[in-house]
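Chains as they are written, first to last, in this note's numbering: chain A, 1 to 112; chain B, 1 to 114.
Worth flagging that the hints you see were computed from the coordinates, not collected in a lab. It is possible that some hints are incorrect.
[Unchecked claim] Label pairs and their computed distance ranges (CB to CB): (1) B:Asn100 to A:Ser3: 14 to 22 Å; (2) B:Tyr10 to A:Asp53: 23 to 31 Å; (3) A:Ser104 to B:Glu102: 31 to 39 Å; (4) B:Asp56 to A:Ala78: 34 to 42 Å; (5) B:Met55 to A:Ser14: 24 to 32 Å; (6) B:Ile22 to A:Pro40: 20 to 28 Å; (7) B:Ala39 to A:Asp53: 45 to 53 Å; (8) A:Asp53 to B:Lys9: 20 to 28 Å; (9) A:Gly41 to B:Lys70: 24 to 32 Å.
[Said to hold, decoys possible] Subject to a maximum C-alpha distance of 27 Å in a straight line, what follows is the list of computed DSS-like cross-link-like pairs (lysine-lysine): (10) A:Lys107 to A:Lys56; (11) B:Lys3 to A:Lys107; (12) B:Lys3 to B:Lys82; (13) A:Lys107 to B:Lys40; (14) B:Lys71 to B:Lys40; (15) B:Lys53 to B:Lys9; (16) B:Lys53 to A:Lys107; (17) A:Lys56 to A:Lys77; (18) B:Lys41 to A:Lys107; (19) A:Lys107 to B:Lys107; (20) B:Lys19 to B:Lys9; (21) B:Lys53 to B:Lys3; (22) B:Lys82 to B:Lys107.
[To be verified] A partial selection of chain A residues facing chain B, derived with a Cβ cut-off under 7 Å: (23) Thr32; (24) Thr65; (25) Thr70; (26) Ser72; (27) Trp102; (28) Gly105.
As the structure is a computational prediction, the values presented were derived from the model and not from experiment. No residue lacks a Cβ here, since even glycine has one placed at the ideal position from N, Cα and C.
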Amino acid sequence: GDSVTQTEGQVALSEEDFLTIHCNYSASGYPTLFWYVQYPGEGPQLLFRASRDKEKGSSRGFEATYDKGTTSFHLRKASVQESDSAVYYCALSPDSNYQLIWGSGTKLIIKP
Amino acid sequence: DPKIIQKPKYLVAVTGSEKILICEQYLGHNAMYWYRQSAKKPLEFMFSYSYQKLMDNQTASSRFQPQSSKKNHLDLQITALKPDDSATYFCASSQESQANTEVFFGKGTRLTVV
C-alpha cells in the first residue's frame, strides 16, 4: 500500500543551522505531497504542498522539491530559528482518493 | 478566532464509560474528518465525511461512532472506553474530499481514560 517514511524521532540543531528532514514515499501515479507543521498544543497546519514532478513547494523559508525519480520530498531550510521548533509531518494524498497518508513525524528541537 | 472548534479541550473518563467529542467548523467546508494522535501512532486517520455522508472508516472498532447532525458538525461518540483509547483526537475539515485539498485541523481534545 501507499506509505511515507520520514526522518525518525527528533532533530536537534542550533539557531542558523541548515535543516534537512528526509521524506520518501511509496505510491503509484502522481500523489500530492505535503509538509505539515504542528506546534505544541495545536493541530497540524499545512506548510506547503506539491502535485507534480520537479514542483517546488515553499513557505516561511522552508522548501521541498517533488522528485518522482527518487520518490522524495525532503524538507529543507537554510537557517533555522527557535520559533521553528515543532513536529513536522510529511504526508501524501494518492491520486485516486482523498485520504492523507502520514509519516511518523519529526520533532525539530532548536538548542539555545 | 478558531475556525474549527473542538470541545472539550481536556477530558478524563472512567474505563467502560461513554463520551462524546464535539466538533464544529466555520470554514464552510463540505468534508470533515477525525484523526487520533498518541505516543504509539503519531497521526492516525479515523473517519471522513463528505456532505454528511461517511466516506471512509479506518477504525476497526465499532465503539467509535461519528455523528453528523449538521453539515458543519461532526461529533465522535466513543463507548466502552478503554485506557488504550487515551489520545488526542483531532477534528479536521477541507473544502472538498479531493486528493490535493488542504486539510485544516482543530486544536484537539485530549482524552485520558483511567
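Hint-by-hint comparison with the structure:
no.: 1; hint: B:Asn100 to A:Ser3: 14 to 22 Å; in the structure: holds, 18 Å
no.: 2; hint: B:Tyr10 to A:Asp53: 23 to 31 Å; in the structure: violated, 44 Å
no.: 3; hint: A:Ser104 to B:Glu102: 31 to 39 Å; in the structure: violated, 21 Å
no.: 4; hint: B:Asp56 to A:Ala78: 34 to 42 Å; in the structure: holds, 39 Å
no.: 5; hint: B:Met55 to A:Ser14: 24 to 32 Å; in the structure: violated, 45 Å
no.: 6; hint: B:Ile22 to A:Pro40: 20 to 28 Å; in the structure: holds, 23 Å
no.: 7; hint: B:Ala39 to A:Asp53: 45 to 53 Å; in the structure: violated, 36 Å
no.: 8; hint: A:Asp53 to B:Lys9: 20 to 28 Å; in the structure: violated, 42 Å
no.: 9; hint: A:Gly41 to B:Lys70: 24 to 32 Å; in the structure: holds, 27 Å
no.: 10; hint: A:Lys107 to A:Lys56; in the structure: holds, 23 Å
no.: 11; hint: B:Lys3 to A:Lys107; in the structure: holds, 26 Å
no.: 12; hint: B:Lys3 to B:Lys82; in the structure: violated, 30 Å
no.: 13; hint: A:Lys107 to B:Lys40; in the structure: holds, 15 Å
no.: 14; hint: B:Lys71 to B:Lys40; in the structure: violated, 32 Å
no.: 15; hint: B:Lys53 to B:Lys9; in the structure: holds, 26 Å
no.: 16; hint: B:Lys53 to A:Lys107; in the structure: violated, 35 Å
no.: 17; hint: A:Lys56 to A:Lys77; in the structure: holds, 13 Å
no.: 18; hint: B:Lys41 to A:Lys107; in the structure: holds, 14 Å
no.: 19; hint: A:Lys107 to B:Lys107; in the structure: holds, 18 Å
no.: 20; hint: B:Lys19 to B:Lys9; in the structure: holds, 13 Å
no.: 21; hint: B:Lys53 to B:Lys3; in the structure: holds, 21 Å
no.: 22; hint: B:Lys82 to B:Lys107; in the structure: holds, 23 Å
no.: 23; hint: Thr32; in the structure: holds, 4 Å
no.: 24; hint: Thr65; in the structure: violated, 17 Å
no.: 25; hint: Thr70; in the structure: violated, 21 Å
no.: 26; hint: Ser72; in the structure: violated, 18 Å
no.: 27; hint: Trp102; in the structure: holds, 5 Å
no.: 28; hint: Gly105; in the structure: holds, 4 Å
Hints 2, 3, 5, 7, 8, 12, 14, 16, 24, 25, 26, counting from the list given before, are not met by this structure.
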